[in-house]
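*Asks:* Please arrange chains B and C on chain A, whose structure you already have, making use of the hints.
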Amino acid sequence: MTFLVSPVANPGPTSPGPTLADFGHDPLWISIIKAVFLFVFLMVGVLMGVWTERKLISRMQHRYGPNRAGKFGLLQTVADGLKMGLKEDLMPRKVDKLLYFLAPVIIAVPAFLAFSVIPFGPVVSMFGVKTPLQLTDLPVAVLLILAMASIGVYGIVLAGWASRSPYAILGGLRSSAQVVSYEIAMGLSFVAVFLYAGTLSTSEIVAKQADGGSFALGSLNIPLPSWYAVLLIPSFLIYVLTMLGETNRVPFDLPEGEGELVGGFHTEYSSSLKFAMFMLAEYVNVFVVSGVATTLFLGGWRAPWPISLWDGANVGWWPMLWFFAKLVLLFCFFVWVRASLPRVRYDQLMHFGWKVLIPLNLAWILMVASFRALRVDNSPLVIVLMAIVVVGALGVYFRFDTVLQRRREQRAAQEAEEFDQLRDQPTAGGFPVPALDLPHYHGATTGLNRKEVPSA
Amino acid sequence: MTGYFGSYVVVAVLLGVGVAIFAGGLLANRLLRPDRPTAEKLTTYECGVDPVGEGWAQSQIRYYVFTYLYVVFAVDAVFLFPWATVFADPGFGLTTLVEMFVFLAFIALGILYAWRKRVLTWT
Amino acid sequence: MTPALWPPTAQEIVFLLLSVVAVGSALLVVTTRQLVHAALWLVACFGALAGCYLVLTAEFVAWVQVLIYVGAVVVLMLFGIMLTRAPIGRTADLDSGNRVVAALVALATAAVLVTVVIDGFRSAYTPLDPGTGSAKSLGGSIFRTWVLPFEALSILLLAALIGAIVISRTDIKGRE
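Residue numbers (the working numbering), protein chains in the order written: chain A, 1 to 456; chain B, 1 to 123; chain C, 1 to 176.
Next comes chain A alone, as it looks inside the complex:
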């Protein structure tokens, strides 16, 4: 049973990485250099990210993509950014001016802040000062990232509301309801990582993924995987799905879909710098969730297995390359999903978030906790408890599954009955279109739950 429980993390011959105590002692100019580097990295990253996305999607669709502005179209995003910066910025008459102005800032700034605790590499010597390649680290770093994500929700609601336009309001409400639903699943998938790592600090989580112990097979020492993406596969898969739902990316991008709600919450923001800030914030959010996935599940800046056999792979400035490669791979995964999958309907989206991801996550957390308790406190009581939990969960599932089956059969029978009725009397539904529930058709009143929200 030992291969199922958490392996002991013993830092091998490579550098174990910085701990919490290494942070907070940087001289001010080092912090400023790191902060400037972070902003430059993210801005250039967004530029290259937009270019990568457009080129990859177009190649998957057998076309060239942008190739006029600069070689290979590399300056296309720069041109777009300049255009958006120099266009006339209309503030429609009816909007709430302060909120209309503040909403893009509220969305963009937390996305940048969340990157401050993402580790880029181990301790290096920067201009003579030994400092870790991470802006800062806190004992509750992952909580900072979650808090920044929840402030972003706030910006979406305000953007939609300040625009005073029906599509904007609807888009803002829907987008925030979706982000909020997937944020719970995201937080729950972190709990399993914390159960293994025992800390919320990002640099220490990366350090815990350094070494997975080894499995002695005769005279062979097989190194066991230490990344949490392998040890906690269900958490990782759930996290990947919530990544897509949280950043409003395909297949969960109904609040932004052009055919559905025009532009969603940014309809009234004409193509100006504020709109550019929304797009910037969306791409930076993609980078943030990819960075968090890399740090918590994919071993952070540590080199993957064949490269980690070389001792110098985890020392000095090399780890930034591995981190960057993982980030790029995750971003290409986002783009790949966008090019391949159709949009999910909104009620299917909410059903998935609440009724599939959250119960699965809770059940997985209970299982992981039971395994850890088994390793810590090897008593038969734990096994009995686990058995009770598993049997109870299965029992609940089967009980409600029969109820759901019965309901599904009822609905199918009702539909078959309607089909029969319409086949016998084709005009029963109302010719030439089926009866719409308009007041003058049937005298029916609008639903009880609907409230009108005037905007002027």
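Simulated from the structure, these hints should not be mistaken for laboratory data. Hints are not guaranteed to be accurate.
In silico DSS-like cross-links for lysine-lysine, where the CA-CA straight-line distance does not exceed 30 angstroms [what the hints assert, rightly or not]: (1) Lys41/B with Lys94/A; (2) Lys83/A with Lys94/A; (3) Lys83/A with Lys41/B; (4) Lys87/A with Lys55/A; (5) Lys55/A with Lys83/A; (6) Lys87/A with Lys41/B; (7) Lys97/A with Lys83/A; (8) Lys71/A with Lys87/A; (9) Lys97/A with Lys41/B; (10) Lys71/A with Lys55/A; (11) Lys355/A with Lys117/B; (12) Lys97/A with Lys87/A; (13) Lys130/A with Lys136/C; (14) Lys83/A with Lys71/A.
Among chain B residues calculated to face chain A with C-beta under 8 angstroms, some are [what the hints assert, rightly or not]: (15) Tyr70; (16) Leu97; (17) Leu120.
So, partial list: chain A residues that the calculated Cβ filter (under 10 angstroms) puts toward chain B [said to hold, decoys possible]: (18) Arg174; (19) Ile184; (20) Met277.
From the three backbone atoms N, C-alpha and C, an ideal C-beta is built for every residue, glycine too.
*Replies:* Leaving out everything else, chains B and C in the frame of chain A:
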């Protein structure tokens, strides 16, 4: 200054730098862009057709209900974080596991109730 | 070295400034004439409170304050506001007629609280030890000393959830 306050000063400085960069960008934008508003340009876009009547949108109670559920489950998740960090320490162990099981059982009862009462269905 | 009121340490100055922000934005919450702006001033107040928690080395509580209060509770209030017809622009009847009396009562309550607190805790000091506010130490104290309030809290959450569902969804009937 110890490591704790130093780290938070860095976070605060980053926040200030971020707000300054975005405010500066918006200010530069205001100085550089043309500004010739006309009455037609300032009408609400909606979907491209001229807006008729009052702009309204149906705000429904289901948004409120889902946000409420989010508040409850966010509090639940927040309690799971310190539990996960102390769980494997010596001196905790089985008792802590059972305590969290009881907590999660009550929360699971809540989500089960919401599920059965069809609150979680997006109509 | 006994801590004294003068000279104030950097933490005390920052705490004072943040509390001025908190009190000021709380004042603006109740005096502004636009309902949505009131919710935003509430956000500023909660943010300043989170900053105060950070200065007092309670970092877990501070970020939970941002996550739950700013990120969830005020959004909930905003959605609640949006469900009603009223809140676009200034609402004339947002101020009640007894502002003066209400202000006097508030001042008197504040004076009572401040007097009692200063009188009771005048000579109590706590060292600002970073590390006592992290998740690990909070977890240690919750799951050793404060287990019963923790379980009672889960029952409270359950009751709140069921109560909100029962009140808001009038189309859900019980068993006939």
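*Asks:* Run every hint past the structure and note whether it holds.
*Replies:* Right, here's what the structure says about each hint:
The suggested pairing of Lys41/B with Lys94/A holds, with an alpha-carbon distance near 12 angstroms, which does not exceed 30 angstroms. A hinted pair counts as satisfied when its Cα atoms are at most 30 angstroms apart, and Lys83/A with Lys94/A qualifies at roughly 26 angstroms. Between the alpha carbons of Lys83/A and Lys41/B the distance comes to roughly 19 angstroms, so the proposed pair stays at or under 30 angstroms and holds. At roughly 25 angstroms between alpha-carbon atoms, Lys87/A and Lys55/A fall within 30 angstroms of each other, so this suggested pair holds.
Between the alpha carbons of Lys55/A and Lys83/A the distance comes to roughly 20 angstroms, so the proposed pair stays at or under 30 angstroms and holds. Proximity of Lys87/A to Lys41/B is assessed by CA-CA distance (about 13 angstroms); at most 30 angstroms being required, the pair is judged to hold. A threshold of 30 angstroms between alpha carbons decides the hint, and for Lys97/A with Lys83/A the separation of about 23 angstroms falls inside it, so the pair holds. Distance hint between Lys71/A and Lys87/A is fulfilled; the C-alpha atoms sit about 25 angstroms from each other, no more than 30 angstroms.
Our distance criterion of 30 angstroms between C-alpha atoms is met by Lys97/A and Lys41/B, whose separation comes to about 16 angstroms. At most 30 angstroms may separate the alpha-carbon atoms for a hinted pair to count; Lys71/A and Lys55/A meet this at roughly 13 angstroms. Between Lys355/A and Lys117/B the alpha-carbon distance is near 13 angstroms, which keeps this suggested pair within the 30 angstroms criterion. For the hint linking Lys97/A to Lys87/A, the alpha-carbon distance of about 19 angstroms falls within 30 angstroms, and the restraint holds.
Among the hinted pairs, Lys130/A with Lys136/C is consistent with the structure: their alpha-carbon atoms are about 28 angstroms apart, no more than 30 angstroms. Simply put, Lys83/A and Lys71/A have alpha-carbon atoms about 19 angstroms apart, close enough for the 30 angstroms limit, and the pair holds. With 8 angstroms as the threshold, the beta carbon of Tyr70/B comes within range of chain A, its nearest partner Cβ sitting at about 4 angstroms, so the hint holds. The restraint placing Leu97/B at the interface with chain A holds, with a minimum CB-CB distance near 5 angstroms, inside the 8 angstroms limit.
Because the closest C-beta pair between Leu120/B and chain A is about 5 angstroms apart, less than 8 angstroms, the hint holds. Because the smallest distance between the Cβ of Arg174/A and any Cβ of chain B comes to about 8 angstroms, under 10 angstroms, the interface hint for this residue holds. At about 5 angstroms, the closest approach between the beta carbon of Ile184/A and any beta carbon in chain B falls short of 10 angstroms, and the interface hint on this residue holds. The beta carbon of Met277/A comes within 7 angstroms of a beta carbon in chain B, closer than 10 angstroms, and the hint placing it at the interface holds.
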